[in-house]
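Colleague: Residue numbers (the UniProt record's numbering), protein chains in the order written: chain E, 1 to 187; chain V, 1 to 682.
Think of the hints as simulated: they come from the structure by calculation, not from any bench.
Bear in mind the structure is a predicted one, so any value in this text is a computation, not a measurement.
There could be a bad hint or two in this list.
Stated by the list, open to error - Lysine-lysine pairs mimicking DSS-like chemistry, simulated, CA-CA at most 30 angstroms apart: (1) E:17 to V:524; (2) V:109 to E:132; (3) E:18 to V:445; (4) E:18 to V:519; (5) V:169 to V:133; (6) E:18 to V:524; (7) E:143 to V:7; (8) V:7 to E:133; (9) V:211 to V:169; (10) E:17 to V:133; (11) V:284 to V:308; (12) V:7 to E:130; (13) V:445 to E:32; (14) E:17 to V:519; (15) V:169 to V:198; (16) V:190 to V:133; (17) E:32 to V:284.
Said to hold, decoys possible - Covered stretches of chain E, going by a simulated chain V footprint (3 or more residues, C-beta under 8 angstroms): (18) 10–21; (19) 44–52; (20) 116–128; (21) 149–163.
Said to hold, decoys possible - If you anchor each label on the Cβ, the simulated ranges turn out as follows: (22) E:93 to V:122: 49 to 57 angstroms; (23) V:486 to E:168: 35 to 43 angstroms; (24) E:101 to V:575: 15 to 23 angstroms; (25) E:37 to V:408: 24 to 32 angstroms; (26) V:259 to E:154: 51 to 59 angstroms; (27) V:307 to E:14: 54 to 62 angstroms; (28) E:162 to V:451: 26 to 34 angstroms; (29) E:162 to V:432: 49 to 57 angstroms.
C-beta atoms are modelled at their ideal positions from N, C-alpha and C, and glycine is treated no differently.
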Amino acid sequence: MAEDKESAEAIVSEVHKKIRAAFDVFDHEFNKTVDVREIGTIIRSLGCFPNEGELHDVIAERLTVNRAYVHEHREDNNGTYLTKQIEEEEPTGYIRFEKFLPTMTKVLMERKFRPIPEDLMLQAFEVLDKQKKGHLELEELTKYMTQEGEPFTQEEMEEMLSAAMDPDKNLIFYKDFVSMMTVDDPR
Amino acid sequence: MSSMNEKMHIIFYNYNSMRAALLIQRWYRQYVARLEMRRRCTWNIFQSIEYAGEQDQIKLYNFFGYLMDHFTPASSERNLISHIFRENNICRNVDWERYFCYKSIEVPKLYSGPHLSFPITCSNAAELVEAFKNKQQLHSRYVLQLLGETWRLLRILPNISQISTCHSKEITICGDLHGHLEDLLLVFYKNGLPSSEKPYVFNGDFVDRGKDSLEILLILFSFLLVYPNDVHLNRGNHEDHIVNLRYGFTKEVLGKYRLHGKKILKLLQKIFSWLPLATVIDNKVLVLHGGISDTTDLHLISRVDRHKPVDSSRRRVHSLTHSSSTGTRHEVQRRSLQGLNNRVTCSVEEELKERRRQAGLSQSYGDLRNSLANSDSDPDSGELLESYGDEWKQIVDMLWSDPMPQDGCVPNEVRGGGCYWGPDVTEEVLQRHNLTLLIRSHECKQEGYEFCHNRRVLTIFSASNYYEVGSNRGAYIRMGPDLVPHFIQYQANRATRALTLRQSVGRTERSALRALREKLFAHKSDLISSFQEYDPENTGLISLGHWACAMEAVLRLGLPWRVLRTQLVGDTLDGMLDYHLWFRELLSNASLLETMYKHHSNLETIFRIIDTDNSGLISFEEFRQTWKLLSSHLQTEISDEAISDLAVSIDFNKDGSIDINEFMEAFRLVGGDLLQNEGDPH
Numbered sequence: 001m002a003e004d005k006e007s008a009e010a011i012v013s014e015v016h017k018k019i020r021a022a023f024d025v026f027d028h029e030f031n032k033t034v035d036v037r038e039i040g041t042i043i044r045s046l047g048c049f050p051n052e053g054e055l056h057d058v059i060a061e062r063l064t065v066n067r068a069y070v071h072e073h074r075e076d077n078n079g080t081y082l083t084k085q086i087e088e089e090e091p092t093g094y095i096r097f098e099k100f101l102p103t104m105t106k107v108l109m110e111r112k113f114r115p116i117p118e119d120l121m122l123q124a125f126e127v128l129d130k131q132k133k134g135h136l137e138l139e140e141l142t143k144y145m146t147q148e149g150e151p152f153t154q155e156e157m158e159e160m161l162s163a164a165m166d167p168d169k170n171l172i173f174y175k176d177f178v179s180m181m182t183v184d185d186p187r
Numbered sequence: 001m002s003s004m005n006e007k008m009h010i011i012f013y014n015y016n017s018m019r020a021a022l023l024i025q026r027w028y029r030q031y032v033a034r035l036e037m038r039r040r041c042t043w044n045i046f047q048s049i050e051y052a053g054e055q056d057q058i059k060l061y062n063f064f065g066y067l068m069d070h071f072t073p074a075s076s077e078r079n080l081i082s083h084i085f086r087e088n089n090i091c092r093n094v095d096w097e098r099y100f101c102y103k104s105i106e107v108p109k110l111y112s113g114p115h116l117s118f119p120i121t122c123s124n125a126a127e128l129v130e131a132f133k134n135k136q137q138l139h140s141r142y143v144l145q146l147l148g149e150t151w152r153l154l155r156i157l158p159n160i161s162q163i164s165t166c167h168s169k170e171i172t173i174c175g176d177l178h179g180h181l182e183d184l185l186l187v188f189y190k191n192g193l194p195s196s197e198k199p200y201v202f203n204g205d206f207v208d209r210g211k212d213s214l215e216i217l218l219i220l221f222s223f224l225l226v227y228p229n230d231v232h233l234n235r236g237n238h239e240d241h242i243v244n245l246r247y248g249f250t251k252e253v254l255g256k257y258r259l260h261g262k263k264i265l266k267l268l269q270k271i272f273s274w275l276p277l278a279t280v281i282d283n284k285v286l287v288l289h290g291g292i293s294d295t296t297d298l299h300l301i302s303r304v305d306r307h308k309p310v311d312s313s314r315r316r317v318h319s320l321t322h323s324s325s326t327g328t329r330h331e332v333q334r335r336s337l338q339g340l341n342n343r344v345t346c347s348v349e350e351e352l353k354e355r356r357r358q359a360g361l362s363q364s365y366g367d368l369r370n371s372l373a374n375s376d377s378d379p380d381s382g383e384l385l386e387s388y389g390d391e392w393k394q395i396v397d398m399l400w401s402d403p404m405p406q407d408g409c410v411p412n413e414v415r416g417g418g419c420y421w422g423p424d425v426t427e428e429v430l431q432r433h434n435l436t437l438l439i440r441s442h443e444c445k446q447e448g449y450e451f452c453h454n455r456r457v458l459t460i461f462s463a464s465n466y467y468e469v470g471s472n473r474g475a476y477i478r479m480g481p482d483l484v485p486h487f488i489q490y491q492a493n494r495a496t497r498a499l500t501l502r503q504s505v506g507r508t509e510r511s512a513l514r515a516l517r518e519k520l521f522a523h524k525s526d527l528i529s530s531f532q533e534y535d536p537e538n539t540g541l542i543s544l545g546h547w548a549c550a551m552e553a554v555l556r557l558g559l560p561w562r563v564l565r566t567q568l569v570g571d572t573l574d575g576m577l578d579y580h581l582w583f584r585e586l587l588s589n590a591s592l593l594e595t596m597y598k599h600h601s602n603l604e605t606i607f608r609i610i611d612t613d614n615s616g617l618i619s620f621e622e623f624r625q626t627w628k629l630l631s632s633h634l635q636t637e638i639s640d641e642a643i644s645d646l647a648v649s650i651d652f653n654k655d656g657s658i659d660i661n662e663f664m665e666a667f668r669l670v671g672g673d674l675l676q677n678e679g680d681p682h
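Start from the sequences and build out the full structure, keeping to the hints where you can.
Modeller: If you want it as structure tokens, here you go:
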């Protein structure tokens, strides 16, 4: 029993060190805070695959101080208006490591936002490839990525195309693309 | 029924498309985040190695300072040292003018490069830009003539230029260029050539690292001569001939001008010392290269004789000893002596110790005195030294300092010169001088510019792809009478823009890792000892956590080792690393080379200093003595035998001379072979 507890502690300690290392890379001022806009990158670099909505929830619910304040107000019957206002705001400012660590530890220990296996990725592309051509046209992919789901920005779209598209034919051979991206993964 | 099915089918299908799109977006964004992480780490590697290099440079200056203070006339090293620090006998400007005279140099009929006539006109200057764009080289006669005129002009310019926006619409401000001619050409292409309607401020660090430093200088100087009221140059920390010895400018000039390179360099040395220190726009915006400190006083600086002494480095030896910022010069000397006392005995060291004991601390070497006299024996000159030291410290601060997020002002240990200053210092200094904005350069920024200190400090950096192709953009500022800065960013090298994010991150990363591996190589024995501390039972294995700790303890680069681990370490057994195997795969056994390699850039710098006639040859004896002195100062050991063996293996003997380039080349080749780990597909 004692051994189990020890190994559990060791695991948590390793997780903490991993989180700390990733956090430090973005702690430009060496004061244990990072810009909230980099939280997404940090969480993803630790191997998680949240979508944008899930990311926003993590930040808004668990990391931003305002939220707690708002709950109090709600109980006082003052807060409905306030709550709504803050929910709609973009999170700004800095996240402190003390706040980030427990949140992120929970995310990693609970194995939230699991990676997407390669074959599932392939299936996703095949769904979009309605005519089963084995490739996607530039316009097809652009339409899906910028209009469906959680749309890409212009910049994101251009970047993906530059990596995925065969420039001579303007076609995306997704099977190759998926393999290439998966190979890149150092884990 | 079937149309209902169809509708359901379509709805189902659309729902599936949305889910598929979501999945793809989620997956791709994760990938981009991982790339961003790698890019950031790579950046940190380059930056920390760059600053560590500058630190090394300062240590070298301290070494020379030590030499100047502590050896005595009877020593056999005397000749070598005086050789290193020999001041020319020519003192007066008139004599210098004679020495630099270009008139005897003939331009052959076959010369196809640009011809300059003086006084230089704006079409001459534009022609020069075109010529350099077409990779032509300016004849040394014109180079010397142009530099001579520049020197004459600079001598009448004030330390701090005052400019105003009222005459023209906007002022353009450029940051570090570092020999990147493509970037300067790109700026001129986007923004136009300098003119009275288009004034420019160039904020220092025109030279070193890039391969066209001289061409940049010639262009800037020619426009300065044509439009002296509209082109303003601020001195950077790289406008310093000793820095140039290490960072490539000296080599570039000597390579391009074999016959007259030495003269050109000497004239440039004077020009650098005469470059103005800062520019003030509309009495509100201060533009200088490095930064400020809590003691910055522009009124004081405007009265200083900025060209004395000839190079900032020798001065820095005496004003920048940072072992404790409050120590007096004597205390500092004593401290460095103590360091040596702890060392293993070596004949040079013992000799020096003996002499020190006999001669006492106040001894100083006669020839090298000038105004650096020891204040013990001469209280007046001591005071002069003190007050001049204050002014000089201010100038060094202006050229070397960096901003930091915390309040306060502390010595800049990373660079080894200047200080780190905080937002409170910015506020105080700006208010004291009634200024609103400080524009500086000196630090590479990914986007080419960056604000800090509540947008009161702006860093502008104009050399794109500084660390590696794709590493960063360059930028310049346009500023009108409203004094609001507008930024234009760019990235030279069309190929860069065509690279995907993945390719440019990958390429920069490979480059950074190569540089990092060189550092690992140089510190191999220290690293192994450190690993062994975590492995008391000598299993040859350590945990990755311990690996990370040991790496930082030895290298002190402040890098995120755990994150970099995947790039540096291959397979592990249950999270345990076989460190001997790791080194064998990463590096190779060569302890002598390792020691030398650690100091190879210092060595090269020293060689070039010794080689005062720039012939590329130094005597074997000079080499041996230099190495002995350096190694005693740096507390490493190398026997005479080892040096001779090395000489034989690299085949020095050319009448007892060493060809510097050959030595460094052989060294690089050997070092390079050892470091060849993965083939670079690029």
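Colleague: Compare the structure with each hint and give your call.
Modeller: Each hint, compared with the structure:
{"no.": "1", "hint": "E:17 to V:524", "in the structure": "holds (26 angstroms)"}
{"no.": "2", "hint": "V:109 to E:132", "in the structure": "violated (71 angstroms)"}
{"no.": "3", "hint": "E:18 to V:445", "in the structure": "holds (27 angstroms)"}
{"no.": "4", "hint": "E:18 to V:519", "in the structure": "holds (24 angstroms)"}
{"no.": "5", "hint": "V:169 to V:133", "in the structure": "holds (28 angstroms)"}
{"no.": "6", "hint": "E:18 to V:524", "in the structure": "holds (26 angstroms)"}
{"no.": "7", "hint": "E:143 to V:7", "in the structure": "holds (22 angstroms)"}
{"no.": "8", "hint": "V:7 to E:133", "in the structure": "holds (24 angstroms)"}
{"no.": "9", "hint": "V:211 to V:169", "in the structure": "violated (34 angstroms)"}
{"no.": "10", "hint": "E:17 to V:133", "in the structure": "violated (52 angstroms)"}
{"no.": "11", "hint": "V:284 to V:308", "in the structure": "holds (28 angstroms)"}
{"no.": "12", "hint": "V:7 to E:130", "in the structure": "holds (16 angstroms)"}
{"no.": "13", "hint": "V:445 to E:32", "in the structure": "holds (21 angstroms)"}
{"no.": "14", "hint": "E:17 to V:519", "in the structure": "holds (25 angstroms)"}
{"no.": "15", "hint": "V:169 to V:198", "in the structure": "holds (8 angstroms)"}
{"no.": "16", "hint": "V:190 to V:133", "in the structure": "holds (15 angstroms)"}
{"no.": "17", "hint": "E:32 to V:284", "in the structure": "violated (35 angstroms)"}
{"no.": "18", "hint": "10–21", "in the structure": "holds (count 4)"}
{"no.": "19", "hint": "44–52", "in the structure": "holds (count 7)"}
{"no.": "20", "hint": "116–128", "in the structure": "holds (count 8)"}
{"no.": "21", "hint": "149–163", "in the structure": "holds (count 9)"}
{"no.": "22", "hint": "E:93 to V:122: 49 to 57 angstroms", "in the structure": "holds (51 angstroms)"}
{"no.": "23", "hint": "V:486 to E:168: 35 to 43 angstroms", "in the structure": "holds (39 angstroms)"}
{"no.": "24", "hint": "E:101 to V:575: 15 to 23 angstroms", "in the structure": "holds (22 angstroms)"}
{"no.": "25", "hint": "E:37 to V:408: 24 to 32 angstroms", "in the structure": "holds (28 angstroms)"}
{"no.": "26", "hint": "V:259 to E:154: 51 to 59 angstroms", "in the structure": "holds (56 angstroms)"}
{"no.": "27", "hint": "V:307 to E:14: 54 to 62 angstroms", "in the structure": "holds (59 angstroms)"}
{"no.": "28", "hint": "E:162 to V:451: 26 to 34 angstroms", "in the structure": "holds (30 angstroms)"}
{"no.": "29", "hint": "E:162 to V:432: 49 to 57 angstroms", "in the structure": "holds (50 angstroms)"}
Checked against the numbered hints listed earlier, the structure breaks hints 2, 9, 10, 17; every other hint is satisfied.
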